[in-house]
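Protein chains: 2
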Amino acid sequence: MLTPRATAPSSSSSSSSPSIALPFSYSVTLRSPPSFSLRLPLVSRTPSTKTVKSSTLRTQASSSSSSPSPMIEKEIPEGEKPPTFLRDTDESASNSTNSVRARFEKMIREVQDAVCSAIETVDGGGKFKEDVWSRPGGGGGISRVLQDGAVWEKAGVNVSVVYGVMPPDAYRAAKPTENGDVKPGPVPFFAAGISSVLHPKNPFAPTLHFNYRYFETDAPKDAPGAPRQWWFGGGTDLTPAYIFEEDVKHFHLVQKAACDKFNSDFYPQFKKWCDDYFFVKHRGERRGLGGIFFDDLNAYDQEMLLSFVTECANSVIPAYIPIIERRKDMPFTDRHKAWQQLRRGRYVEFNLVYDRGTTFGLKTGGRIESILVSLPLTARWEYDHQPEEGSDEWKLLDACINPKEWI
Amino acid sequence: MLTPRATAPSSSSSSSSPSIALPFSYSVTLRSPPSFSLRLPLVSRTPSTKTVKSSTLRTQASSSSSSPSPMIEKEIPEGEKPPTFLRDTDESASNSTNSVRARFEKMIREVQDAVCSAIETVDGGGKFKEDVWSRPGGGGGISRVLQDGAVWEKAGVNVSVVYGVMPPDAYRAAKPTENGDVKPGPVPFFAAGISSVLHPKNPFAPTLHFNYRYFETDAPKDAPGAPRQWWFGGGTDLTPAYIFEEDVKHFHLVQKAACDKFNSDFYPQFKKWCDDYFFVKHRGERRGLGGIFFDDLNAYDQEMLLSFVTECANSVIPAYIPIIERRKDMPFTDRHKAWQQLRRGRYVEFNLVYDRGTTFGLKTGGRIESILVSLPLTARWEYDHQPEEGSDEWKLLDACINPKEWI
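Line by line, the protein sequences are chains A and B.
In this text, residue positions in the first sequence follow UniProt numbering: the first is 1, and each later residue adds one.
In this text, residue positions in the second sequence follow UniProt numbering: the first is 1, and each later residue adds one.
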């Protein structure tokens, strides 16, 4: 059985898929290294005249008036990828290479390599641009973006490792029924994750989003008895502009297969959670056709859950690439493209208005280009667009409004 | 002298330009007629098979699960424009046709006619589609949208009249220094306004936004001594993708001329307020090159302010149309178009993330197509785009980051 928290997902209480699963209703005090966002592995280009001048512009702006007060310190660009972004103290700890932290980081970096390699192979033209960065107090990340390829118009695959400090309320929220009277101080936490959004060009080829993340808190120092916490979160979801039943069924079957290896309750629960989370409330519709989504998952054996999220992350390629192979070269018309662009507009609406990782990242001064790499290259808003009843566009909209069981 | 409220504008405390100037940090209980948004005169199309079927989709969705719980009741489409949207009780009041309410409504409807006529004339092809609607308890509006014209890709000009109820806190906020100890109950209010966003096709032709609104509260019933309040808000601002000094100077000169007829402090104060309000905080840049913006304006003679906002609204055509005439047929390249589209992306970011009218409207269940008519037809997000130093694109960005004095 899942805990009530895990079985009662809601779009208003669950954390964002593409960002670390902080309870975002709490304000988070971040110490150095102050980043917590997984979505926004802070990227820095190799300095050039252009970017130097550009930052001069920004510096002038921030010294002049109403610029933001970032909660997140500047990242440091790195020339080479370090073997790990874990702190030395983590590494030198006993069994460090076997720690869940270390194995999770290793897994997400392998998945990043595998997904980027698969994307480049299928794209046949575009190459990922890589940015590596670190923070003085530990942690860092690798951002990869492929833009204007042959198949994908924008594809971002990011991993990051974050050390931060969680306020007591957020910590208590992680396990509300235990030690409810203990009032610990701020709790250091560790988080690592992989986050990706892949937007193809062909309107018959679907957008994919996936994100898997792991959290750990230290035991709070001023509440000796309070337990250390850990949890996993994540999901994979598909956003087509047109429905091909075989594609959606295949996608969900792969998700279900990954889930069923561990618990037959997982797929139905996480499928519903996904439908609930990716809800564009003001439209009354989901942004796409779902998949799986979960958060705060800790009511199982930790090793089992590590294996489960690994299985989910490894399922991205078999779930997605065969669909792209079938659709990437299909002929299409301006009408198909315009509808894809309207659906991309909905994607923008979800990400800017509802996605907790994005909205939190914008408020706290995260690196904006990394936060918004999830946005499509292009999007469209037509006034009062109504697809004709029974049309292919109408069928997609229907499925976004009334989520279906695909398998 | 302006009051401290009027002279201390800030992007975090001022209300949205394109929406009625409710202090949005308060939750607003709306009674029938429950709409308060000026931006989104709620539009209904003539029922057709398509739209009927579409609403069937929506009804299914709302009966099934996690659909929004709108605070705003459904508007009623009207076949013809009524002579006024004021309540009968307002109309039958003594001097009703001379009331500020009545004269403000008359003014904004005349301005809507004049602006739409000027747009259609210059466009030479597109025609505005009009939707008229009302609410059972009084109030209503006229929405007009021109889409995919010869010159404008999307142009919306909306007027609306709203009767609502303001919570006591919001009412006290309107005049915090007076009767501070009185705790009145909910206060009925009246609001009317015109709101417009005009997005041209040619990347050298700027986007224009303007919005003028008038608020009145009734005297609170359970606090007999508490005063009745009124205030004006609004502004006009220009958002080009490329700077033509003569255009921006002309635009600001017209704004200044309108202001100077009433008070020589107005232009410098409202110019700065505009720069502060239309700030895309996470980018550290304004969405455009400003204009004027003000809110909660009541520290002057009411007749003078009515004349002032009338002058501002009447200045829209002479401020904007000559610029469009000069730019609408200029040859441009794909590069120019791509930059315009990137700037349109910033427009989307401001409206979805910061604009108080939009964010409040989305949360409270306002008619989404009307709320989001302000979004451009198309927009673009490139990863980490950096204009070349000294380029025309760089100059625009510079001016958005470091606001300039144009006259």
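Honestly, the hints are just simulated from the structure, not real lab data.
Built from N, CA and C at the ideal position, the CB exists for glycine as well.
Please note: incorrect hints may appear among the correct ones.
Claimed, not checked - A short, non-exhaustive set of chain B residues, derived as facing chain A with CB atoms under 10 Å:
id : residue
1  : E80
2  : P83
3  : T84
Unchecked claim - Straight-line C-alpha distance at most 30 Å; calculated DSBU-like pairs for lysine-lysine:
id : chain 1 : residue 1 : chain 2 : residue 2
4  : A       : K337      : B       : K328
5  : B       : K328      : A       : K363
6  : B       : K363      : A       : K272
7  : B       : K363      : A       : K404
8  : A       : K127      : B       : K337
9  : A       : K363      : B       : K272
10 : A       : K129      : A       : K201
11 : A       : K328      : B       : K404
12 : B       : K106      : B       : K256
13 : B       : K281      : A       : K363
14 : A       : K363      : B       : K81
15 : A       : K249      : A       : K272
16 : A       : K281      : A       : K129
17 : A       : K395      : B       : K249
18 : B       : K363      : B       : K328
19 : A       : K281      : B       : K272
20 : A       : K404      : B       : K106
21 : B       : K272      : A       : K337
22 : A       : K281      : B       : K106
23 : B       : K256      : B       : K404
24 : A       : K337      : B       : K129
25 : B       : K261      : B       : K127
26 : B       : K249      : A       : K129
27 : A       : K272      : A       : K129
28 : A       : K395      : B       : K404
29 : A       : K363      : B       : K363
30 : B       : K404      : B       : K272
31 : A       : K129      : A       : K261
32 : B       : K395      : A       : K281
33 : B       : K127      : A       : K337
34 : A       : K201      : B       : K201
35 : A       : K395      : B       : K74
36 : A       : K201      : B       : K256
37 : A       : K281      : B       : K363
38 : A       : K129      : B       : K363
39 : B       : K328      : B       : K249
40 : A       : K129      : B       : K281
Right, here's what the structure says about each hint:
{"no.": "1", "hint": "E80", "result": "violated, 20 Å"}
{"no.": "2", "hint": "P83", "result": "violated, 26 Å"}
{"no.": "3", "hint": "T84", "result": "violated, 26 Å"}
{"no.": "4", "hint": "A:K337 with B:K328", "result": "holds, 26 Å"}
{"no.": "5", "hint": "B:K328 with A:K363", "result": "violated, 37 Å"}
{"no.": "6", "hint": "B:K363 with A:K272", "result": "holds, 23 Å"}
{"no.": "7", "hint": "B:K363 with A:K404", "result": "holds, 26 Å"}
{"no.": "8", "hint": "A:K127 with B:K337", "result": "holds, 25 Å"}
{"no.": "9", "hint": "A:K363 with B:K272", "result": "holds, 23 Å"}
{"no.": "10", "hint": "A:K129 with A:K201", "result": "holds, 19 Å"}
{"no.": "11", "hint": "A:K328 with B:K404", "result": "violated, 47 Å"}
{"no.": "12", "hint": "B:K106 with B:K256", "result": "holds, 24 Å"}
{"no.": "13", "hint": "B:K281 with A:K363", "result": "holds, 8 Å"}
{"no.": "14", "hint": "A:K363 with B:K81", "result": "violated, 43 Å"}
{"no.": "15", "hint": "A:K249 with A:K272", "result": "holds, 16 Å"}
{"no.": "16", "hint": "A:K281 with A:K129", "result": "violated, 35 Å"}
{"no.": "17", "hint": "A:K395 with B:K249", "result": "violated, 50 Å"}
{"no.": "18", "hint": "B:K363 with B:K328", "result": "violated, 37 Å"}
{"no.": "19", "hint": "A:K281 with B:K272", "result": "violated, 35 Å"}
{"no.": "20", "hint": "A:K404 with B:K106", "result": "violated, 50 Å"}
{"no.": "21", "hint": "B:K272 with A:K337", "result": "violated, 41 Å"}
{"no.": "22", "hint": "A:K281 with B:K106", "result": "violated, 36 Å"}
{"no.": "23", "hint": "B:K256 with B:K404", "result": "holds, 15 Å"}
{"no.": "24", "hint": "A:K337 with B:K129", "result": "holds, 25 Å"}
{"no.": "25", "hint": "B:K261 with B:K127", "result": "violated, 34 Å"}
{"no.": "26", "hint": "B:K249 with A:K129", "result": "violated, 41 Å"}
{"no.": "27", "hint": "A:K272 with A:K129", "result": "violated, 35 Å"}
{"no.": "28", "hint": "A:K395 with B:K404", "result": "violated, 50 Å"}
{"no.": "29", "hint": "A:K363 with B:K363", "result": "holds, 18 Å"}
{"no.": "30", "hint": "B:K404 with B:K272", "result": "holds, 10 Å"}
{"no.": "31", "hint": "A:K129 with A:K261", "result": "violated, 35 Å"}
{"no.": "32", "hint": "B:K395 with A:K281", "result": "violated, 38 Å"}
{"no.": "33", "hint": "B:K127 with A:K337", "result": "holds, 25 Å"}
{"no.": "34", "hint": "A:K201 with B:K201", "result": "holds, 23 Å"}
{"no.": "35", "hint": "A:K395 with B:K74", "result": "holds, 26 Å"}
{"no.": "36", "hint": "A:K201 with B:K256", "result": "violated, 47 Å"}
{"no.": "37", "hint": "A:K281 with B:K363", "result": "holds, 8 Å"}
{"no.": "38", "hint": "A:K129 with B:K363", "result": "violated, 38 Å"}
{"no.": "39", "hint": "B:K328 with B:K249", "result": "holds, 18 Å"}
{"no.": "40", "hint": "A:K129 with B:K281", "result": "holds, 27 Å"}
Of the hints listed earlier, those the structure fails to meet are numbers 1, 2, 3, 5, 11, 14, 16, 17, 18, 19, 20, 21, 22, 25, 26, 27, 28, 31, 32, 36, 38, in rising order.
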